[in-house]
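Order-wise, the sequence lines are chains A and B. Using my numbering, the first residue of the first sequence is number 139, and each one after it goes up by one. Using my numbering, the first residue of the second sequence is number 195, and each one after it goes up by one.
Everything labelled a hint here was simulated from the structure, so no lab data went into it. Check each hint, because a few of them may be wrong.
Partial list, derived from the structure: chain B residues whose beta carbon lies under 8 angstroms from chain A [what the hints assert, rightly or not]:
{"hint": "1", "residue": "L224"}
{"hint": "2", "residue": "V232"}
{"hint": "3", "residue": "A235"}
{"hint": "4", "residue": "M406"}
This one's a predicted model, so the numbers in the text were calculated from it and none came from an experiment. Don't be surprised by glycine CBs; every beta carbon is placed ideally from N, CA and C.
The residues making up each chain are set out below.
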Amino acid sequence: MSYVIAGYLCSAVVLASYAINLILRHRRGGSR
Amino acid sequence: MEEQIAKRRWVSVVGILAAISLLGTVIMGLWVTPDDAVQGAVVRLVYIHPPMAWVALYLAFGLSAVASLLYLWPRTRNDRWDALAASAVEVGVVFNGLTLLTGAIWGRDTWGVWWTWDARLTSTAILLLLFLGYMAIRRIPADPEIRARRCAIMAIFAFVDVPIVHFSVLWWQTLHQSATVLNAKLHPTIHGSMAWTLLLGFVAFTLLFVWMVALRFAIEKRQASQARSELDEAIRERRAETSEQSAS
């Protein structure tokens with residue numbers, strides 16, 4: 139089960155980070 | 195203005211639906227569905243790994259290839275296609291990376307290794323490198339039209355690897371299993387709550403993809419218009435300097 143948790147957790151961290159990055163870039167007006 | 199608000203609302207609704215369906219997939223995948231008779235608990239990765247591959251290969255890279263073709267076709271050439279292709283590639287690269295990561299975790303438990311030079315794994319890794327190459331080409335300073343053309347050609351070239359990844363499990367002897375849903379007979383080999391959870395996973399990640407591409411597309415368009423206005427400003431300043439010099 140630890141591999142399953144690792145898979146779900148890693149995916150959640152990466153996707154959440156990317157989603158926050160997109161939201162912030164969108165709010166800042168598209169700057170990198 | 196009203197149109198923009200309506201667009202934002204549409205994107206927010208998709209985002210909320212994606213979050214709800216993702217939460218549902220996690221709950222179903224971790225607590226409701228049973229263990230597999232052969233693989234045990236690790237089979238629960240099936241609810242996220244194939245949907246991520248679906249998003250990366252078919253939705254993201256497929257969309258980038260179609261948008262790139264539409265950009266290269268003189269009748270349909272429009273900067274929006276270039277922006278859409280770039281947005282889809284960035285999102286696709288994230289999902290492609292996660293496909294490899296979750297696959298490695300699954301492989302460690304079932305095969306005993308994090309990585310093996312299996313045809314499916316290798317062709318998927320090559321796909322990631324090809325689209326990272328697309329992103330590198332996009333960052334090379336160039337005239338926007340030249341950059342868009344270069345990127346469109348690169349996206350179509352890179353997409354050639356997608357059918358190779360898809361059919362790799364049939365063309366070569368691989369450790370990776372053949373398709374569970376999109377197999378040759380189109381007869382899914384998964385049933386009951388496991389099948390429904392897998393379907394929910396596909397819906398959830400598709401919605402997440404739509405939301406991410408919509409946001410990324412808005413950013414790309416804004417960056418392009420900022421670059422255009424900066425260029426116009428620089429030209430105006432240069433002209434003003436030239437006219438001052440000629441007057442003196």
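Now for the hints, and whether the structure bears them out:
no.: 1; hint: L224; in the structure: holds (7 angstroms)
no.: 2; hint: V232; in the structure: violated (15 angstroms)
no.: 3; hint: A235; in the structure: holds (5 angstroms)
no.: 4; hint: M406; in the structure: holds (6 angstroms)
Hint compliance for this structure: hint 2 alone is broken.
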